[in-house]
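Participant: Between the sequences and the hints, there should be enough to build the whole structure, so can you do that?
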Amino acid sequence: MMGSASLDASVPFDEATTVRWTGSILLDGVEWFLDHVFGAGMDVLADLLGMPMLGYPYMQRAYLAAVCIAIIGPLVGTFLVHREMAMIGDTLAHTAFAGVAVGLFLNSALSLTVSPLLTAFVVAVVTALLVELLVEHAGAYSDTSLAIVLTGGFAVGSILITATDGGIAVGIDAYLFGSLATVSTENVAILVLMSFLVGSLVTLAYRPLLYVTFDATAAHAARLNVNLYKRLMVVLTALVVVSAMQIMGVILVAAMLVVPVAAAAQVARSFKQSILLAILAAGFAAIAGVTLSYVYGIAAGGSIVVAAIAVYAVALGFQGLSHRLPTVRRLRSQWPGETRDELEADGGERE
Amino acid sequence: MTTATAKSERSVDPIVSVDDVTFGYGDLPVLESVSIEVEPGSFLGLVGPNGSGKSTLLGLMLGLRRPDDGTVTLFGEPADEFAAGERIGYVAQDATKAARDMPITVREVVEMGRYPRRLVGRFSSKDRRAIEEAMERVGITDLASRRVGRLSGGQRQRVFIARALASEADLLALDEPTVGVDAESREEFYSLLADLNATGLTVILIEHDIGVVTTYATDIACLNRQLYFDGDPSAFVETDALEQAYGTDQHVLHHDH
Chain G
1 MMGSASLDAS
11 VPFDEATTVR
21 WTGSILLDGV
31 EWFLDHVFGA
41 GMDVLADLLG
51 MPMLGYPYMQ
61 RAYLAAVCIA
71 IIGPLVGTFL
81 VHREMAMIGD
91 TLAHTAFAGV
101 AVGLFLNSAL
111 SLTVSPLLTA
121 FVVAVVTALL
131 VELLVEHAGA
141 YSDTSLAIVL
151 TGGFAVGSIL
161 ITATDGGIAV
171 GIDAYLFGSL
181 ATVSTENVAI
191 LVLMSFLVGS
201 LVTLAYRPLL
211 YVTFDATAAH
221 AARLNVNLYK
231 RLMVVLTALV
241 VVSAMQIMGV
251 ILVAAMLVVP
261 VAAAAQVARS
271 FKQSILLAIL
281 AAGFAAIAGV
291 TLSYVYGIAA
301 GGSIVVAAIA
311 VYAVALGFQG
321 LSHRLPTVRR
331 LRSQWPGETR
341 DELEADGGER
351 E
Chain U
1 MTTATAKSER
11 SVDPIVSVDD
21 VTFGYGDLPV
31 LESVSIEVEP
41 GSFLGLVGPN
51 GSGKSTLLGL
61 MLGLRRPDDG
71 TVTLFGEPAD
81 EFAAGERIGY
91 VAQDATKAAR
101 DMPITVREVV
111 EMGRYPRRLV
121 GRFSSKDRRA
131 IEEAMERVGI
141 TDLASRRVGR
151 LSGGQRQRVF
161 IARALASEAD
171 LLALDEPTVG
181 VDAESREEFY
191 SLLADLNATG
201 LTVILIEHDI
211 GVVTTYATDI
221 ACLNRQLYFD
231 GDPSAFVETD
241 ALEQAYGTDQ
251 HVLHHDH
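Residue numbers (my numbering), protein chains in the order written: chain G, 1 to 351; chain U, 1 to 257.
Check before you lean on any hint, since a few could be wrong.
Claimed, not checked - Some chain U residues flagged as far from chain G (calculated, every beta-carbon gap over 12 Å):
(1) E39
(2) R137
(3) A194
(4) G211
(5) T239
(6) Q244
Unchecked claim - Cβ-to-Cβ under 7 Å is the rule here; a few derived chain G residues that face chain U:
(7) R207
(8) T217
(9) H220
(10) A265
(11) S270
To be verified - Straight line, CA to CA, 35 Å or less: simulated DSBU-like cross-link-like pairs of lysine-lysine:
(12) U/K126 to G/K230
(13) G/K230 to G/K272
(14) G/K272 to U/K126
Derived from the structure by calculation, the hints contain no laboratory data. All of these numbers come straight from a predicted model, not from anything done at the bench. Glycine included, C-beta positions come from ideal geometry on N, C-alpha and C.
Facilitator: Written out as structure tokens, the structure reads:
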């Protein structure tokens with residue numbers, strides 16, 4: 001019953017067997033999905049489009065993983081960006097790097113076989129909660145403290161990497177810059193699991209998360225547990241960043257939480273629409289980026305981010321153009337009798 | 001709740017009761033033995049110089065902060081343990097800052113008024129009716145699908161009032177709501193507040209413009225760390241409480257409306 005591709009993580013707890021068991025079921029499920037549903041569909045697509053790359057199993061894994069990242073990144077990122085916390089994703093990614101290093105260090109020093117991804121999850125979630133608790137006391141996010149945590153995490157990571165016997169420094173590039181070649185079925189399984197987890201948590205907590213993002217003081221007055229939802233938000237960020245890290249790379253992963261969201265904010269009218277548009281923008285960037293990465297043999301993370309920034313530029317241009325019409329209208333309607341209210345209300349709307 | 005106003009003034013329980021409250025941030029004292037009551041259906045204007053503790057007092061009244069000393073009750077319960085969030089509508093001083101950049105529609109903001117009653121799950125027809133009626137009441141129905149950040153300052157403040165109305169709040173608290181709103185819209189905004197107050201909604205308003213407060217409020221509290229005055233506006237203009245609270249170098253403009 002244990003999946004053919006066994007989990008390389010052996011969890012040193014009592015629940016180890018349970019974790020292994022659920023893990024292997026999930027793994028089998030994802031493998032089945034990759035082989036028979038997603039893979040089969042992609043094979044058909046490969047024939048139709050005459051693009052044999054779509055038929056390669058490792059490219060199919062990469063596409064599925066990239067699409068998962070394109071869903072959960074903006075889903076959480078939209079709340080972060082509009083709380084002016086865009087930097088927290090980057091900060092947690094860099095501390096997750098320290099988590100990877102901790103895992104590698106423990107494995108080499110104590111000859112354990114802990115998955116570095118597991119230690120990355122633990123370190124990122126713990127850091128997220130610590131940062132949030134500090135903020136609850138200080139009252140506001142400060143660039144300085146985030147910069148200290150970010151560089152501090154990375155510094156600890158680099159020390160642990162160099163303190164560990166040779167060898168492992170080779171694999172570290174894959175964590176720093178991301179890689180498609182190293183995306184295993186387990187990675188895809190983790191991403192699929194995280195997509196369901198993050199997706200359902202955000203759906204359940206959508207209203208309080210929105211209220212806290214928009215107007216935390218009023219949410220507090222309305223007796224919402226503001227601190228709980230702020231903590232949920234940073235923990236979700238940690239989960240997203242760590243699960244996406246292996247493809248996007250530590251240095252670039254935060255872009256998926258920020259760039260598509262910034263693009264969507266230019267054109268969206270409602271908050272729900274902005275989440276949807278951000279996911280569409282990220283999905284386009286992810287598919288384009290993975291394809292370009294394969295065709296030209298370039299870094300996947302970098303290609304995805306550049307594609308996302310291109311979408312942002314288009315959104316910015318679109319918004320700039322649509323501003324021109326109302327500007328003309330505003331100039332023409334500057335007659336006495338027009339109230340300022342009406343003029344201001346018209347400004348920027350594309351009706 | 002509209003029945004409360006009909007009763008004679010002193011026989012009903014106050015909505016907010018602040019009893020001998022002292023509060024400070026660390027060593028910095030902000031409020032010293034302040035006692036004040038807010039009667040149902042009243043319109044209390046809180047005035048005082050910058051840094052006089054008005055916003056802090058409002059936060060204490062709503063149970064957002066806990067007093068160092070003394071007690072605050074809200075609807076008869078200790079304010080910080082009061083749980084029925086839907087009874088309170090709050091328009092914060094910085095509420096409009098986030099509203100400017102975020103892609104969010106008028107309707108989405110007004111819907112927040114129903115969140116304390118329905119944090120998850122579909123809105124009932126009662127919820128939806130409350131949302132529509134609230135937008136209707138403040139005259140923003142035709143703006144429902146507009147992005148809040150692209151409205152004028154006056155319209156945006158109406159959206160926040162509608163949010164409080166949608167929650168069917170009994171108490172509306174506003175912290176300098178018309179900063180950056182043009183004079184004409186301000187007049188409209190305050191007459192809307194007075195209308196709502198006339199239908200039984202209790203209002204607490206922090207306002208730097210004394211003229212507005214003396215025109216629309218039914219009670220005035222003048223604050224600067226201590227309470228310098230608490231009573232009706234006509235009595236307030238007779239006293240020198242304002243001069244005392246603001247000290248000798250007062251820069252306050254005295255508008256006559």
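Participant: So, for every hint listed, does it hold in this structure?
Facilitator: Tested hints:
1. The Cβ of U/E39 lies farther than 12 Å from every Cβ of chain G, with a closest approach of about 20 Å, so its non-interface assignment holds.
2. For U/R137, the requirement that its beta carbon stay farther than 12 Å from each beta carbon of chain G is met, with the minimum near 18 Å.
3. Residue placement check: U/A194 keeps its beta carbon more than 12 Å from all beta carbons of chain G (closest about 20 Å).
4. Interface exclusion of U/G211 from chain G stands, the closest Cβ pair being 21 Å apart, more than 12 Å.
5. Once the 12 Å rule is applied to beta carbons, U/T239 is consistent with being away from chain G; the minimum gap is 32 Å.
6. Non-interface call for U/Q244 relative to chain G: holds, since the shortest CB-CB distance, roughly 31 Å, exceeds 12 Å.
7. Because the beta carbon of G/R207 sits about 5 Å from the nearest beta carbon in chain U, less than 7 Å, this interface hint is met.
8. Checking G/T217 against chain U by beta carbon gives a least distance of about 4 Å; that is within 7 Å, so the hint holds.
9. For G/H220, the suggested interface contact is upheld, since its CB lies about 6 Å from the closest CB of chain U, less than 7 Å.
10. A cut of 7 Å between beta carbons decides the hint on G/A265: the least distance to chain U is about 5 Å, and the hint holds.
11. Taking 7 Å as the C-beta contact cut-off toward chain U, the hint placing G/S270 at the interface holds, the least distance being around 4 Å.
12. Taking the CA atoms of U/K126 and G/K230, the gap is near 30 Å; set against the 35 Å cutoff, the hint holds.
13. Distance restraint check for G/K230 and G/K272: the Cα-Cα separation of roughly 19 Å lies within the 35 Å cut-off, and the hinted pair is therefore satisfied.
14. Taking the CA atoms of G/K272 and U/K126, the gap is about 22 Å. The hint holds against a cut of 35 Å.
Of the hints listed earlier, there is not a single one the structure fails to meet.
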